[in-house]
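Visitor: Chain residues, written in single-letter form:
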Amino acid sequence: MSDQNAQKKQVPAIQGWFTMPPQEPHIIASKCSLCKGYFFPPAQVCRNPNCKKDGAMESVMLGNKGKLEAWSVNYFSPPPPYHAPDPFVPFGVGMVSLPEGISITGQISSGYDEKNLEVGMDMDVVIEKLYEDSQGNDVMAWKFKPAHR
Amino acid sequence: MGQRVGIVATGQTRYRSKRKDCSAPDMVYEATSRALADAALTLKDIDAIIFGLAPEALDGINSMDKWCADAAGARNKPFMRVHTGGATGSSVANAAVYHVASGMFDTVLAVAMERVGETPDAQTILNRIYDPVVASDFGLNIINHVAMETSRGMEAYGFTEEHMAMISVKNHLNAFNNPYAHLQINVSVEDVLKSPVVCWPLKLLDCCPRSDGACAVVFASEKKAKRMAPVPVWVNGMAALTDITVPGEIRGGQEQIRLTAARAYQMAGIDHPREQIQVVECYAPFSSLELMYYETLGFCERKDVVKLVESGFGAMDGEVPFVPSGGVMCTNPIGATALIRIAEAAIQVMGKGEKRQVPDVTNALATGYGGSPGPGSASFVTVMVLGKK
Ligand SMILES: [Zn+2]
Chain A
1 MSDQNAQKKQ
11 VPAIQGWFTM
21 PPQEPHIIAS
31 KCSLCKGYFF
41 PPAQVCRNPN
51 CKKDGAMESV
61 MLGNKGKLEA
71 WSVNYFSPPP
81 PYHAPDPFVP
91 FGVGMVSLPE
101 GISITGQISS
111 GYDEKNLEVG
121 MDMDVVIEKL
131 YEDSQGNDVM
141 AWKFKPAHR
Chain B
1 MGQRVGIVAT
11 GQTRYRSKRK
21 DCSAPDMVYE
31 ATSRALADAA
41 LTLKDIDAII
51 FGLAPEALDG
61 INSMDKWCAD
71 AAGARNKPFM
81 RVHTGGATGS
91 SVANAAVYHV
101 ASGMFDTVLA
111 VAMERVGETP
121 DAQTILNRIY
131 DPVVASDFGL
141 NIINHVAMET
151 SRGMEAYGFT
161 EEHMAMISVK
171 NHLNAFNNPY
181 AHLQINVSVE
191 DVLKSPVVCW
201 PLKLLDCCPR
211 SDGACAVVFA
221 SEKKAKRMAP
231 VPVWVNGMAA
241 LTDITVPGEI
251 RGGQEQIRLT
261 AARAYQMAGI
271 DHPREQIQVV
281 ECYAPFSSLE
291 LMYYETLGFC
301 ERKDVVKLVE
311 SGFGAMDGEV
321 PFVPSGGVMC
331 TNPIGATALI
341 RIAEAAIQVM
351 GKGEKRQVPD
361 VTNALATGYG
371 GSPGPGSASF
381 VTVMVLGKK
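Taken in sequence, the protein lines are chains A and B.
Mapped onto the numbering used here, the consecutive letters of the first sequence carry residue numbers 1 to 149.
Mapped onto the numbering used here, the consecutive letters of the second sequence carry residue numbers 1 to 389.
Calculated directly from the structure, the hints in this document are not laboratory data.
Cβ atoms here follow ideal geometry from the backbone N, Cα and C, with glycine treated the same way.
Take these hints with a grain of salt, some might be off.
Said to hold, decoys possible - Computed footprint of chain A on chain B, listed as stretches where at least three residues anywhere in the stretch have a Cβ under 8 Å from a Cβ of chain A:
id : stretch
1  : 54-67
2  : 141-148
3  : 190-202
As the list claims (entries may be wrong) - 27 Å max Cα-Cα, derived DSSO-like pairs, lysine-lysine:
id : chain 1 : residue 1 : chain 2 : residue 2
4  : B       : Lys44     : B       : Lys66
5  : B       : Lys388    : B       : Lys224
6  : A       : Lys65     : A       : Lys145
7  : A       : Lys67     : B       : Lys303
8  : A       : Lys129    : A       : Lys67
9  : B       : Lys303    : A       : Lys115
10 : A       : Lys9      : A       : Lys31
11 : B       : Lys194    : A       : Lys115
12 : B       : Lys66     : B       : Lys18
To be verified - One side of the interface only, derived from the structure: several residues of chain A facing chain B at Cβ under 8 Å:
id : residue
13 : Val11
14 : Ala13
15 : Trp71
16 : Ser72
17 : Asn74
18 : Phe76
19 : Pro78
20 : Pro79
21 : Tyr82
Same shape as in the complex, but just chain A:
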């Protein structure tokens, strides 16, 4: 490994919303101890207006295998704050239902488009590079990748 690569760091796009390598890839949600509701992004207090709100919020790692509910491939370059590479590369987006009954949206790993994506596919949660920041660090976030189960 060269010195340059050794200095290149992986940083999370948002701290505390997902695990970072070398940990197993998981999205982190909150669960209310009273109404048992899940919240993502993680919440400090329960957001269910019917809940008494004095319950503790527990941090939970969501299951990392789900199903693709809906998807698209974005062919136009979104304006900032999206960090578009130059030249722009189209990217897939998907909504994936996880075992807890939560559906989460995010990008789909590169290399997948309308030729190989399908509603109902098995998907894995992965933690991958979203973009490179101005210091040359890899900014990481959750993505979804078709699984072969």
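With chain A held as given, fit chain B with the ligand onto it using these hints.
Guide: Below, chain B with the ligand alone, put in the same frame as chain A:
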């Protein structure tokens, strides 16, 4: 509902990508004065004004409502602004109905506008509304959200890109009959399919433009309405429903529309929409959304949507014409768009549609849709049933 409410007049500007010839208040004045002229009214007849404007960042100026109040005729009268994103226009209409139905006001002017031509890039602004952290940084936006909803719809309803293109062709054709429509262009199925992919499966010609323009509608109590208009249009049913995009509760727009329509139908006594409603002005900025309305508004079962599209069900000469005006796909001054649906539905009941008139309309339907599908954010659906009786 309190006292009965009718629509007595409508007024619209010509919609364009940029109105260089006039200011924002000028557009409001244009729509307002045309609405007054439509029923030979003067400002003396108006008791209150409800004004609609969507995200003002789109208009390039803050608090545009203050600048437009005078042009809307608000001097010495109650005035308020309503804003529910894309549903702003229909929320403005709802607020006007609530004002009259309460019995506190007899005649209320609803006027809404947008001047999207002032913003260099509407997507930049919409992206920052969508969700500043989770969504826009990750490349999630309103267009790819609708595209995802479409991919799910294709699976559930069985429609294809060709069916979406057929809707686009129909709407662009209808726009030629509407003197106010923004886009009046000839489009073939092949043109739609060959237009650049924005977010698969949505191509450029499956998507709405952004427009400058204003729309005004006058609502009146039963007693006044009968005196003011030869054919008053009665608000027989209305409903509004808010949904929140919560992880784990993916209902999506379709379920929300179904529920809102059911409530409006119940109020209006509509139990067989396909037999009882003759024309629909639905809020569909993308071709795929219009197609799904056939089912969610109760005109057919899910399995029959494709059959209806192929048989031209929603065409001008079809069983129930959808958006004779050309709809949102051809005209989209965001804050005014949902009020245009109501104005156009009212025009159909009044029989003033000229080249876009559907024969023998006794009931017309208008819908509105707005908000943001970003996580934790709200979206708004409205449905209004207008009738001759
Ligand atoms: Zn709770």
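Visitor: Starting from the hint list further up, note which numbers the structure goes against and sort them upward.
Guide: 1, 10 and 13
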